[in-house]
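Q: Here is how the chains run, residue by residue.
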Amino acid sequence: MAVLTSIEEMTYREAIRIALAEEMRRDPRVVLLGEDIGAAGGVFKTTEGLIEEFGEQRVMDMPIAESGFVGAALGMAVTGMRPVVEIMFSDFLGVCFDQIANSIAKYRYLSAGEVSVPLVIRTIGGGGVSFGPQHSQTGESWLLPFPGLKIVAASNPADAYAMLKAAIRDENPVLFIEHKALYGMKGPVHRSEEVPSLGTASVIREGHDVTIVASLLMVRAALEAAEILAADGISMEVIDIRSLRPMDVETIVTSVKKTGRLITVEEQPILGGWGSHVISEVVGACFDDLDAPPQRIGLPDAPVPFSPVLERAAIPNSETIANSVRALLAR
Amino acid sequence: MGPMEGECCKPSEMLDQEALLGLYRTMLLIREFEDEVYRLFLQGVIAGTIHLARGQEAISAGIMAALRPDDYVTITYRGHGHCIARGVSLDKMFGELMGRGTGVCKGKGGSMHIKDFRKGVIGCFAIVGAGLPFGVGAGLSAKLRGSGQVSVVFFGDGAANIGEFHEALNIAAVYRVPVVFVCENNLYGEYTRINRTTPFEDIARRADAYAMPGVIVDGNNVLDVYDAAVEAVGRARSGGGPTLLECKTYRHYGHSRADPAKYRPEEEVRAWMERDPLKRLLSYLIGKGFLDERGAERILEEVRTAVKEASARALQAPWPDISEIEKDVYA
Numbered sequence: 375m376a377v378l379t380s381i382e383e384m385t386y387r388e389a390i391r392i393a394l395a396e397e398m399r400r401d402p403r404v405v406l407l408g409e410d411i412g413a414a415g416g417v418f419k420t421t422e423g424l425i426e427e428f429g430e431q432r433v434m435d436m437p438i439a440e441s442g443f444v445g446a447a448l449g450m451a452v453t454g455m456r457p458v459v460e461i462m463f464s465d466f467l468g469v470c471f472d473q474i475a476n477s478i479a480k481y482r483y484l485s486a487g488e489v490s491v492p493l494v495i496r497t498i499g500g501g502g503v504s505f506g507p508q509h510s511q512t513g514e515s516w517l518l519p520f521p522g523l524k525i526v527a528a529s530n531p532a533d534a535y536a537m538l539k540a541a542i543r544d545e546n547p548v549l550f551i552e553h554k555a556l557y558g559m560k561g562p563v564h565r566s567e568e569v570p571s572l573g574t575a576s577v578i579r580e581g582h583d584v585t586i587v588a589s590l591l592m593v594r595a596a597l598e599a600a601e602i603l604a605a606d607g608i609s610m611e612v613i614d615i616r617s618l619r620p621m622d623v624e625t626i627v628t629s630v631k632k633t634g635r636l637i638t639v640e641e642q643p644i645l646g647g648w649g650s651h652v653i654s655e656v657v658g659a660c661f662d663d664l665d666a667p668p669q670r671i672g673l674p675d676a677p678v679p680f681s682p683v684l685e686r687a688a689i690p691n692s693e694t695i696a697n698s699v700r701a702l703l704a705r
Numbered sequence: 082m083g084p085m086e087g088e089c090c091k092p093s094e095m096l097d098q099e100a101l102l103g104l105y106r107t108m109l110l111i112r113e114f115e116d117e118v119y120r121l122f123l124q125g126v127i128a129g130t131i132h133l134a135r136g137q138e139a140i141s142a143g144i145m146a147a148l149r150p151d152d153y154v155t156i157t158y159r160g161h162g163h164c165i166a167r168g169v170s171l172d173k174m175f176g177e178l179m180g181r182g183t184g185v186c187k188g189k190g191g192s193m194h195i196k197d198f199r200k201g202v203i204g205c206f207a208i209v210g211a212g213l214p215f216g217v218g219a220g221l222s223a224k225l226r227g228s229g230q231v232s233v234v235f236f237g238d239g240a241a242n243i244g245e246f247h248e249a250l251n252i253a254a255v256y257r258v259p260v261v262f263v264c265e266n267n268l269y270g271e272y273t274r275i276n277r278t279t280p281f282e283d284i285a286r287r288a289d290a291y292a293m294p295g296v297i298v299d300g301n302n303v304l305d306v307y308d309a310a311v312e313a314v315g316r317a318r319s320g321g322g323p324t325l326l327e328c329k330t331y332r333h334y335g336h337s338r339a340d341p342a343k344y345r346p347e348e349e350v351r352a353w354m355e356r357d358p359l360k361r362l363l364s365y366l367i368g369k370g371f372l373d374e375r376g377a378e379r380i381l382e383e384v385r386t387a388v389k390e391a392s393a394r395a396l397q398a399p400w401p402d403i404s405e406i407e408k409d410v411y412a
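In order, the protein sequence lines correspond to chains L and Y. Each residue of the first sequence is one higher than the last, beginning at 375 in our numbering. Each residue of the second sequence is one higher than the last, beginning at 82 in our numbering.
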């Protein structure tokens with residue numbers, strides 16, 4: 375059968391919506407659960423038009439009760455459905471933490487491998503839009519310690535489309551993290567019925583002086599920093615980590631062996647972030663190739679503040695990254 | 082509405098001798114199993130902890146008798162009795178309790194996670210309340226697929242105070258999910274009596290808040306349980322939505338293996354021991370002429386032998402291979 379493919383320019387938001395619609399057309403077992411996803415089309419408009427096409431049975435508005443509907447999604451996933459849940463803000467992962475950490479992640483293990491859990495939890499994280507301390511966290515590391523889960527984070531429209539489709543087809547529970555400041559981002563999307571496998575990092579820009587590993591909005595900041603530094607003759611390699619669980623350490627190690635320098639950039643506090651893990655893996659794998667101590671960039675050790683002035687200063691940007699690279703190269 | 086006075090018939094009145102003896106055998110099997118588990122635990126053959134259902138056998142037996150083989154059952158850490166009433170293999174149950182590779186979860190779950198997908202016992206939760214949303218999801222899935230299956234969720238009075246109880250009942254009511262919520266009210270949430278934690282003793286009163294029928298039955302009378310179950314399951318299966326069915330009962334032992342339950346008043350314990358569900362069914366059967374002393378002895382002997390043999394076989398079963406630790410985490 376011929377595989378239809380085309381390359382289209384679209385926003386990150388459209389990429390999400392199109393991926394959902396395509397998978398729902400392809401597989402009647404795919405159903406959506408979440409708050410305001412029906413007639414309202416989602417708070418971030420990623421489910422616009424879906425209730426019109428697929429009906430109330432497959433686009434189910436849920437009460438504001440994350441434990442309730444995330445737990446229900448598990449019950450659906452193990453009885454023949456493929457639910458995709460939306461958690462409106464990543465901050466609310468805390469509300470249903472038990473269901474994800476104790477029930478969803480461990481279900482297959484406790485079925486002795488007999489039952490799989492095809493369940494996607496889409497969640498929208500990140501700052502930059504002045505939503506204050508309880509609506510601006512990425513939550514990308516909160517669920518890292520739980521075997522059984524996959525955790526991915528999309529930084530551009532192409533990945534949002536392909537990785538969401540892959541997540542929906544995956545037989546494992548996948549936490550799919552989107553960034554609210556990226557919804558308007560445009561980019562080319564390769565529409566295809568063939569989906570990549572999850573679990574790989576992506577080298578977005580090649581370079582030879584320093585490796586930057588970033589996620590979500592920080593990938594964009596890193597790419598901007600690379601442009602700034604290129605003018606100074608500094609060559610940055612930018613890796614989008616994309617998959618936090620499993621983590622593609624190999625791609626990162628290969629890069630650091632080439633550049634000899636590493637900086638991780640994440641939009642969350644450094645303590646408890648994934649950057650420390652990346653660095654410990656790299657140091658273990660290629661200590662002798664390092665020309666300087668690896669560095670971590672993250673949020674200050676404080677909640678994400680509301681005031682646009684404070685928030686802008688708190689979230690790492692291209693300047694923060696460029697300055698760190700310069701400092702590292704000057705050592 | 083129940084049948085009119087003198088009118089035929091309650092569902093339990095339609096049960097023939099064989100069916101009634103079947104209920105008795107199931108309840109006796111649960112009791113003998115639990116007593117054997119307790120012995121094995123005291124001997125150190127079973128590690129960790131155990132939560133015994135001795136005294137609550139009528140609920141498992143009565144509810145399961147009203148179900149179809151393909152209906153879904155969600156249980157808790159006090160779940161041995163439900164599994165037995167659903168026909169889960171005693172060998173596999175003992176194997177799991179003893180941590181052997183032959184256990185239902187290959188020894189990865191233990192007493193608090195015994196379930197068997199093939200017998201429709203699809204979820205067993207050791208986090209209080211976590212199973213309620215799951216069971217709603219299984220029912221929602223059945224509804225979307227039009228399979229006619231009903232989902233039954235068992236939980237204790239302690240779970241009625243956690244958020245997920247309320248979230249699950251609410252979602253079930255809004256979506257008219259074919260689910261029966263079975264609250265086994267044994268008057269103690271762990272070590273604390275219900276009057277210390279809950280403003281009233283009748284959990285079924287909470288059904289009204291979620292616009293569903295709330296029914297209270299004597300959980301130590303298997304025929305009452307069965308009658309109530311037939312009605313609630315029938316309502317769910319015919320599209321009438323959820324029911325909260327409260328079964329009043331009592332634990333013969335404490336909360337878990339470490340608990341001698343000295344906090345319970347002697348008169349209360351004595352009164353409930355007199356309401357022993359097995360004794361009551363036995364005298365009913367004798368009164369009906371369905372069983373005599375010798376027949377009862379014979380059933381006890383059969384059941385005891387089955388339990389002892391299964392326990393002995395499990396004791397000879399191999400330990401899980403160490404390589405199993407990291408298996409069954411991902412599909």
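Hints are computed from structural coordinates only; laboratory data are not their basis. Glycine included, C-beta positions come from ideal geometry on N, C-alpha and C. Fair warning: there could be bad hints in the mix.
[Claimed, not checked] Just so you have them, the derived chain Y footprint on chain L, three or more residues with Cβ under 8 Å:
(1) 433-445
(2) 483-491
(3) 587-598
(4) 697-704
[What the hints assert, rightly or not] Lysine to aspartate or glutamate pairs mimicking EDC-like chemistry, simulated, CA-CA at most 16 Å apart:
(5) Y/K369 with Y/E99
(6) Y/K369 with Y/E113
(7) Y/K408 with L/E488
(8) L/K631 with L/D663
(9) Y/K200 with L/E488
(10) Y/K389 with Y/E99
Q: Report the numbers of all earlier hints that the structure fails to satisfy, in ascending order.
A: As far as the earlier hints go, 3, 4, 6, 10 are violated by this structure, in ascending order.
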